[in-house]
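Novice: In our numbering, the protein residues as written are 488 to 837.
If you're looking for bench data, these hints aren't it; they were derived computationally from the structure.
Nothing here was measured: the structure is a model prediction, and the numbers come from that model.
By construction, the Cβ of each residue, glycine as well, lies at the ideal position given by its N, Cα and C atoms.
Be careful, since some hints might not be right.
[Stated by the list, open to error] Straight line, CA to CA, 25 Å or less: simulated DSS-like cross-link-like pairs of lysine-lysine:
| hint | residue 1 | residue 2 |
| --- | --- | --- |
| 1 | Lys648 | Lys493 |
| 2 | Lys496 | Lys608 |
| 3 | Lys813 | Lys778 |
| 4 | Lys645 | Lys493 |
| 5 | Lys648 | Lys680 |
| 6 | Lys645 | Lys608 |
| 7 | Lys630 | Lys648 |
| 8 | Lys781 | Lys822 |
| 9 | Lys645 | Lys680 |
| 10 | Lys778 | Lys816 |
| 11 | Lys496 | Lys558 |
[Said to hold, decoys possible] Cβ-Cβ distance ranges computed for the label pairs, FRET-style:
| hint | residue 1 | residue 2 | range |
| --- | --- | --- | --- |
| 12 | Arg625 | Glu768 | 51 to 57 Å |
| 13 | Arg772 | Asn531 | 18 to 24 Å |
| 14 | Ala525 | Ala629 | 39 to 45 Å |
| 15 | Glu535 | Phe832 | 22 to 28 Å |
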Amino acid sequence: MQINRKTKKLAIGGIHIGGGAPLTVQSMTNTNTGDIEATTSQINHLSEAGCDIVRVAVPNESAAKAIHAIKRHAAVPIVADIHFDYRLALISMENGADKIRLNPGNIGGMDRVRAVASMAKERRIPIRIGVNGGSLDREILAKHGSATPEALVESALKHVKMLEACGFYDITLSLKASNVPTMISAYRLMSEKTNYPLHLGVTEAGTYESGVIKSAVGIGTLLSEGIGDTIRVSLTDDPVREVTAGIEILRALGLRGGGVTLICCPTCGRCGINIIPIARETDMRTKGLTKNIKVAVMGCEVNGPGEAADADIGIAGGNGCGLLFKKGKVVRKVKESEIVAALMFEIENM
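Construct the entire structure; sequences and hints are all you get.
Specialist: Okay, here's the thing in structure tokens:
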């Protein structure tokens, strides 16, 4: 799958968004940004998990100034999340923020917008405009009656015009909604109206189980249509799980390679082994491996080497045993208790 929507290419630190650049995965720390050690540690955990860009909350001057020290140790570009106080945007940029998340209409007038846009332009720092149902102004909300896709788009474009009036065009946009159909429609509509890069996400998606499903449906639908340049899976969970979920969405669509792809049969009455714990353990032990291989865990000979013939390596369950196969050809038989160990041995030696 290829991204087919032409968008403006922007640099965020050493990472590019839009213009055909590879899809990036973002997340946000949940530490006190002023706690430099804790924030830096979490950022680097996110980076190790595959995160490309990390956003930090900037609720006060202490957090804005902390970006300077955080940048010295962070392995990825840093986005400063600003609400209402334009001075925090200026301080964040002075301290090395690679990008600002800010809505120009919420910082108190065009003189302040010009101050932020001027510094951002001078330092080549992009700005993300992020709207959602809770950030719509009263006029737009009254006009549309609710946070409709049209209302989200109108609100975002209103902010865009303020930056454009200052001669600033290094803009990314997000139109997040907790309602998946609304989110999909809003991004579709915006993609027809502008070529600014789009940051995809379902806001307030929820806990891991429900949030991943909502995000996969919303983000995946748009990416499959060639819409979207960077993503964040928003979860009420450890931010690292946002990253792993985002990567899996990209990999499922063929938009990011690398790492082990695990395919497993859904189980049925033909299974000759207890496949569920075997699949779970295999999944856990192959997480983080960088080898670009496909591993199959199959319950019986029906969907074993035949249906999984394109797997680089796999196991097909028998009566209390498993047949280890490579590229559809059986290599040897192993005991059920030894299946995961045998698989891992072969994977590590491939």
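Novice: It remains to establish, for every hint, whether it holds in the given structure.
Specialist: Do the hints match the structure? See the list:
1. Lys648 <-> Lys493: holds, 20 Å
2. Lys496 <-> Lys608: holds, 15 Å
3. Lys813 <-> Lys778: Since the Cα atoms of Lys813 and Lys778 sit roughly 15 Å apart, the hinted pair holds (cutoff 25 Å).
4. Lys645 <-> Lys493: The given pair, whose Cα atoms are some 22 Å apart, holds under the 25 Å limit.
5. Lys648 <-> Lys680: Cα-Cα ~13 Å, so holds.
6. Lys645 <-> Lys608: holds, 19 Å
7. Lys630 <-> Lys648: Holds, because 19 Å separates the two Cα atoms, which is no more than 25 Å.
8. Lys781 <-> Lys822: holds, 22 Å
9. Lys645 <-> Lys680: Holds, at about 13 Å.
10. Lys778 <-> Lys816: holds, 21 Å
11. Lys496 <-> Lys558: Answer holds: Lys496 to Lys558 is near 23 Å, not above 25 Å.
12. Arg625 <-> Glu768: 51 to 57 Å: holds, 54 Å
13. Arg772 <-> Asn531: 18 to 24 Å: Holds, since Arg772 and Asn531 (Cβ atoms, about 23 Å apart) stay within the stated range.
14. Ala525 <-> Ala629: 39 to 45 Å: holds, 42 Å
15. Glu535 <-> Phe832: 22 to 28 Å: holds, 25 Å
When held up to the earlier numbered hints, the structure conflicts with none and fits them all.
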